[in-house]
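Student: Protein sequences, first through last, are from chains A and B. Last residue of the first sequence? That's 250 in this note's numbering, and every number before it is there in order. Last residue of the second sequence? That's 1377 in this note's numbering, and every number before it is there in order.
Read the hints as simulated data drawn from the structure, not as lab findings. Among the hints, a few may not be true.
Said to hold, decoys possible - Under the rule of at most 35 Å between Cα atoms (straight-line distance), these lysine-lysine pairs were calculated in the DSBU-like manner:
| id | chain 1 | residue 1 | chain 2 | residue 2 |
| --- | --- | --- | --- | --- |
| 1 | B | K1302 | B | K1281 |
| 2 | A | K193 | A | K132 |
| 3 | B | K1066 | A | K120 |
| 4 | A | K132 | B | K1302 |
| 5 | A | K120 | A | K193 |
| 6 | A | K120 | B | K1281 |
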Amino acid sequence: MTGPVIEAMNVTKVLGSGPARVEALKGVSLAVNGGELTLLMGPSGSGKTTLLSILGCMLTPTEGTVHVRGHATASVGPEGLAQLRREHLGFVFQSFHLFPTLTALDNVRLALDVRGDTTKSARGRSSEALAKVGLSHKTLAFPRELSGGEQQRVAIARAIVGNPAIILADEPTAALDGDNGQAIMTILAEISKEQGRGVLVVTHDPRLLPFADRVVHIEDGRIIREERSGAKMQLSHANTVEDKLPCPNA
Amino acid sequence: MPLIFTLAFRNLFHDRLSFVATIIGILFSIVLVTVQMGLYLGFGRTVTTMIDHAATDLWIVSLGTKCFEDPSMLDMSNRYRALSINGVAEVTPVVIGFADWRMPSGATTPVFVIGSDLRSGGLQPWNLVEGRIEALSSPRAVAVDRTYFDRLGVSGMDATAEIRQQLVRVAAVTDGIRSFTTTPYVFMDIDRARAHTGMASDKATYFLTRLTSGADLEHVRSQLLAYIPGIEVLTPAEFRERSRTFWLLGTGAGAALFAGALLGVIVGTVIVAQTLYSSTKEHLNEFATLRAIGSSRGYIYKVIVCQAVVSAFIGFFFAALIGAAIVQLTSTTALPIVITPGLIAGLFLLTVVMCVGSAIAAIIQVIRIDPAMVFTR
């Protein structure tokens, strides 16, 4: 484990106004450390997606501060926040959000393209990222030709190809069956061990607990409990990603 | 291909029906603008066709003459005054005017008579396909264009008719000398033109003035203006511009053509804007994803503008094909649609500007994208 790669301190977020005013986060402090997979767990409406949006530099807090690899997000405009996302963050979404008109390779390459990396090596690095998630044989497949698990693995490849310090994953297994969910979490757990990268996974699925180094529980906009996981799965049981992948069409 | 172009292409071609609607919108818009502007250019050329074919250095016209077809009169004595000025080599009178042409069947139709001194050149018929210029010197001889045979009730050479109860005979036939007013031109000797239009023998409509070699045109012009009262002296270019301005702007014809072209641009812009807006709305989730993974707004604008430019290229290509066919089809009509290289370049630029301008609505929509929406969809 390395130091915090992203840190929120006393973050409050008010959404809406007047009668629709909701205090989604109430003085939340959370640090995601490099080299760790942190689970953020909580029931629906607990504020975990709002916290993820703030940590992901998509929302700014009403009060409190957020630092992404030492960069404060306060008073940073939309373009500055986009730059922080581009340079330091990778995202994995519940519904994958792949581009249906692009191949798996181009979906991954897109993350480099938005960084202004249009070199030939971008294609090679995108292929490597796909290989890392066990999809080297599907580079030219379109999302509609991939299973849900494969699509999520493409999304992970897209998240890691730019070598960000932090991966933020929003319910990455919610749209998948058990086997594919396990495979995705295995990949994310492996990723967290690379180059001191921090991985924060938002979930309400207790089956993911074995993959976590740390579990943070949020409820009603407050962090109510934080624990180190003692039941972490022993990754040595399976040595490679491919070993843990379910059958391709699962 | 850069990924930004790939994304733009795929976005466009993903919904083929919408893409076809966009192309049809651009197509109709640009074809409409092409026709209107082509008519404008064609009209501009047609209204000056007589000025273009007159062999002269200067036109002496009555003060206030608005266009070639404006039949005001000059006194023939002015011709001799003009000839007395240093630098003037030749002054050829021209007579124009409307007259009634009576066909052998007894029916009548208006014609536009053009009479010139056939010995000294001046304004003579061109593109002769039958007969000779010299034949117009013979009694009753006239030249008409073969495209007006039906209108004039004649079948060709040696056919006869009447103008002002005087017999005329077709002694020469031209091809392609058509009037934008649809009134047929009838060329003849100047004396008969006076008789057929009721003009006195000491009058003329214009004097075509040839200068001696090396004469200073501006000096001669100032001398003419000083010695001859009640006239204007115009170069062919000035007279051409004056005629064009009168017919295109003075009559409202040009404004109508421009209004049609503007309508085409508006229709095209609305259609392209609507389809680009719909396309952007359809791909909003993807644009939000792009934003979420850190793309700048500029990157997204490039994708949208690229879509607009690709649409413009494809739409313009098909519009150009249709435009070329229309030009071909109208080339022999009284009002041909004229397309010049400048117009083609202008239309292409207009297509691109129209399509990129149409992307503004889509871009405004993208500006408002909340990247956090990717967590809720």
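Student: Run every hint past the structure and note whether it holds.
Tutor: Taking the hints in turn, this is what the structure says about them:
{"no.": "1", "hint": "K1302(B) to K1281(B)", "verdict": "holds, 16 Å"}
{"no.": "2", "hint": "K193(A) to K132(A)", "verdict": "holds, 14 Å"}
{"no.": "3", "hint": "K1066(B) to K120(A)", "verdict": "violated, 67 Å"}
{"no.": "4", "hint": "K132(A) to K1302(B)", "verdict": "holds, 31 Å"}
{"no.": "5", "hint": "K120(A) to K193(A)", "verdict": "holds, 28 Å"}
{"no.": "6", "hint": "K120(A) to K1281(B)", "verdict": "holds, 32 Å"}
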